[in-house]
Amino acid sequence: MRNLLPWREPVPPDGTMGEPGTRGRFGEYGGRYAPESLVEACREVDQTFREAWADPGFRGDLARLLALHAGRPTPLTPARRLSEELGVQLYLKREDLTHTGSHKINNVLGQALLATRMGRRRLIAETGAGQHGVATATAAALLGLEATVFMGERDIERQALNVFRMRMLGAEVIPVITGSRTLKDATSEAMRHWVGATGDSHYCVGSVIGPDPYPWMVREFQRVIGDEARGQFAAELRTGVPDHVVACVGGGSNAAGTFAGFADTPARLVGVEAEGGAGAARGRLGVLHGCRSLFLQDDDGQITQAHSIAAGLDYPGVGPEHAHLRDLGRARYVTVTDDEAVGAAVRLARTEGIVPALESAHALAWVIRAAGGGELPSGSTVLMTLSGRGDKDVSTLKELL
Amino acid sequence: MTNSTVAAGAVERHLRARRDTGRGLLLPYVTGGITPGWTDYLRAFADAGADAIEVGLPFSDPTLDGVTIQEASDRALARGASVRRILADLAGLPDLGVPLVASTYYNLVLHDGPGAFCAALRRAGVGGLIVPDLPVHEAGELSDAATAAGVEPALLASPATPQPRLAEISRRSRGFVYAVSLMGTTGERAVLAASAAELTERIRRVTDRPVLLGFGISTPDQAREARRHADGVVVGAAVMRRVLDGAGPDDLRAFLTTLREALDQECDPPR
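Protein chains in written order, with full-length UniProt numbering: chain A, 1 to 401; chain B, 1 to 271.
Derived from the structure by calculation, the hints contain no laboratory data. The C-beta atom is built at its ideal place from N, Cα and C for all residues, glycine as well. Be aware that a few hints might be false.
[Claimed, not checked] Here are some chain A residues the structure puts well away from chain B; computed CB gaps all over 12 Å:
id, residue
1, Arg23
2, Glu36
3, Asp55
4, Gly119
5, Leu142
6, Arg158
7, Thr178
8, Glu189
9, Val195
10, Asp264
11, Arg292
12, Pro316
[To be verified] Covered stretches of chain B (in silico footprint by chain A; criterion: 3 or more residues with CB under 8 Å from a CB of chain A, positions within the stretch not fixed):
id, segment
13, 16-24
14, 126-135
[To be verified] Short derived list, chain A residues pointing at chain B, Cβ under 10 Å:
id, residue
15, Gly31
16, Pro35
17, Phe58
18, Arg59
19, Asp61
20, Leu65
21, Glu85
22, Thr198
23, His289
24, Ile303
25, Thr304
26, Gln305
27, His307
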């Protein structure tokens, strides 16, 4: 099935980051571990996505929305002063400059168009930091759909401004009071809600997690990040490709979209997780929220709670394709602490005039730590996806600094 | 019709034998480890005329369960419940005279691997298994391990399941077919969903395995109505809400007896 169609993007000969294998597998990960009541809905999403993604009309509609509403393409900004300090050539892919302020809008516009193609009138979403919720509320307003967003009570407290934005955009925000009251529980609650609403609603999953086809579909909607950056590097560098490609990983959607543009190049792919939410680095095989992947668990097999200063990284697992890339050795996954992320955010603000989201600051924190060492030698060229802007985190930072 | 009698295991033989006398089947549920003396509930269920008993192995993220079973799972886990401890409790029980069916999410099955998990169930005297987040197309790995261990995994069928897939579910299910009465999560409902009758009718077209209706069945009236369509009922949230509210084994025996009597009012002629 791979690459039969002329508009499919290039994948390396081994098929890495191409279509998943049979039954939605990335190696041993992925699959469709959905309750029977959701299997038919997943099948319909899969079929509609395959048709849409092969339809130049759909691609054209999405490209127009991304350009006219989301402000794509986003710039590739050389971080000149910070590069000089670190001794590497650092380039930032500026997803923080998209409308709504993070990469989440790329996926949501794709899924919202898909929902209208399926005749659905409402979008269901889970959100952690609130960025995916805001993006969903935005796309719903733009396309005349309703939006229902599930958000952990704890995240509602620490991301109050995003809650207000969602409600202003006309979305219904439902607080989730179970479990750790963060992203994991919001995702469970959104799935429960979808079981009773498949007839009129589309579940707009925000990351590369969930039952097949979501991990693949969300990566494809996010690959615009990597594809754009690839083109921009072709003009920027003599080699055309950076030595290292770095992105933060919660579920892993901005990383998957970024990596997809470089899967067929020699670039080294690095995913940066939060110390307290390191599904790829420290998870063990399991099944949660519809897919087989790596999850943080205790000795009895119960999912443990993630802890990160960045609400968007506060997820105890990682998308199945990242688990596969880890096993293949194609990407490596590292962790940074809350303190390192906060330090990186401040440093970017003072050297480049950019306040990054705390999620994105994790990716930068690794670059800062590794630059000049064996993992990231002096003189290397580095692409880092700056997945979102830091406005939402200003109150968190204010308490810390 | 699938000729499934040949492959029938102990749970299915037991349920078929009871059904074939015309009896409506009652499968009450309890969350393992919910109270210090939780296995006393099992004895009460058996005394009240349960035909099999479902024991929930609580999981931290029960994505197909409504608030009642979520709360029960959280409470059991907070008490230190685990698969290992619950199975140890079961292994120490005298024979209840009815089969035990474990239910849990697939993460707990994968934790030690399906082979070790099923073998541990068998050693604890558990004959059946329900895994609500394991649909038929992903069930191969568990089916093989379960067959090897002598455990019967029952598959779930939903109102959204297309007919050809319903046939496959019925063919590959063991013990019974679990008919999910409505498009929703577990939990008590005011009325039996209209989708329940249509689904059980569609399942009956493709199998003669026992068909049990679950999700939302909480009163004697609902049990009686469900019995008109299905071979019996699974009752979970209605039991666990009472347990969460402090009801003891005697209270549950009384409640289940009302369901038993309702089912008995709707008996079939013996086969």
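Query raised in the report: Is the Cβ of arginine 23(A) more than 12 Å away from each Cβ in chain B?
Result: 7 Å, violated
Report task. Would you check whether threonine 304(A) satisfies its interface hint, that is, whether its CB is within less than 10 Å of any CB in chain B? Result -> Where the cut-off is 10 Å and the nearest Cβ of chain B is about 8 Å from threonine 304(A), the hint holds.
**Report entry** Hint check: 10 Å Cβ-Cβ cutoff, leucine 65(A) to chain B
**Finding:** Because about 31 Å separates leucine 65(A) from the closest Cβ in chain B, which is outside the 10 Å limit, the hint is violated.
**Report entry** Restraint satisfaction for isoleucine 303(A) [CB to CB of chain B, less than 10 Å]
**Finding:** 5 Å, holds
Report task. Mind checking the CB of glutamine 305(A) against every CB in chain B and telling me if the closest is under 10 Å? Result -> 9 Å, holds
Query raised in the report: proline 316(A): least C-beta distance to chain B exceeds 12 Å?
Result: 9 Å, violated
Query raised in the report: Does histidine 307(A) meet its interface restraint, that is, does its C-beta lie within less than 10 Å of any C-beta in chain B?
Result: 15 Å, violated
Report task. Under 10 Å, Cβ to Cβ, is where glutamate 85(A) needs to be relative to chain B, so tell me if that hint holds or is violated. Result -> Given a least distance of 43 Å, the restraint on glutamate 85(A) is violated.
Report task. Mind checking the CB of arginine 59(A) against every CB in chain B and telling me if the closest is under 10 Å? Result -> 30 Å, violated
Query raised in the report: Given proline 35(A) was flagged as interface, is its beta-carbon under 10 Å from a beta-carbon of chain B?
Result: Cβ of proline 35(A) sits 5 Å from chain B, so the hint holds.
Report task. Confirm or reject the statement that aspartate 264(A) sits farther than 12 Å, beta carbon to beta carbon, from all of chain B. Result -> 30 Å, holds
Query - Cβ separation check - arginine 158(A) to all of chain B, threshold 12 Å - result: Per Cβ check, arginine 158(A) is outside 12 Å of chain B; nearest 22 Å; holds.
Checked against the numbered hints above, the structure violates hints 1, 2, 7, 8, 9, 11, 12, 13, 17, 18, 19, 20, 21 and 27; every other hint is satisfied.
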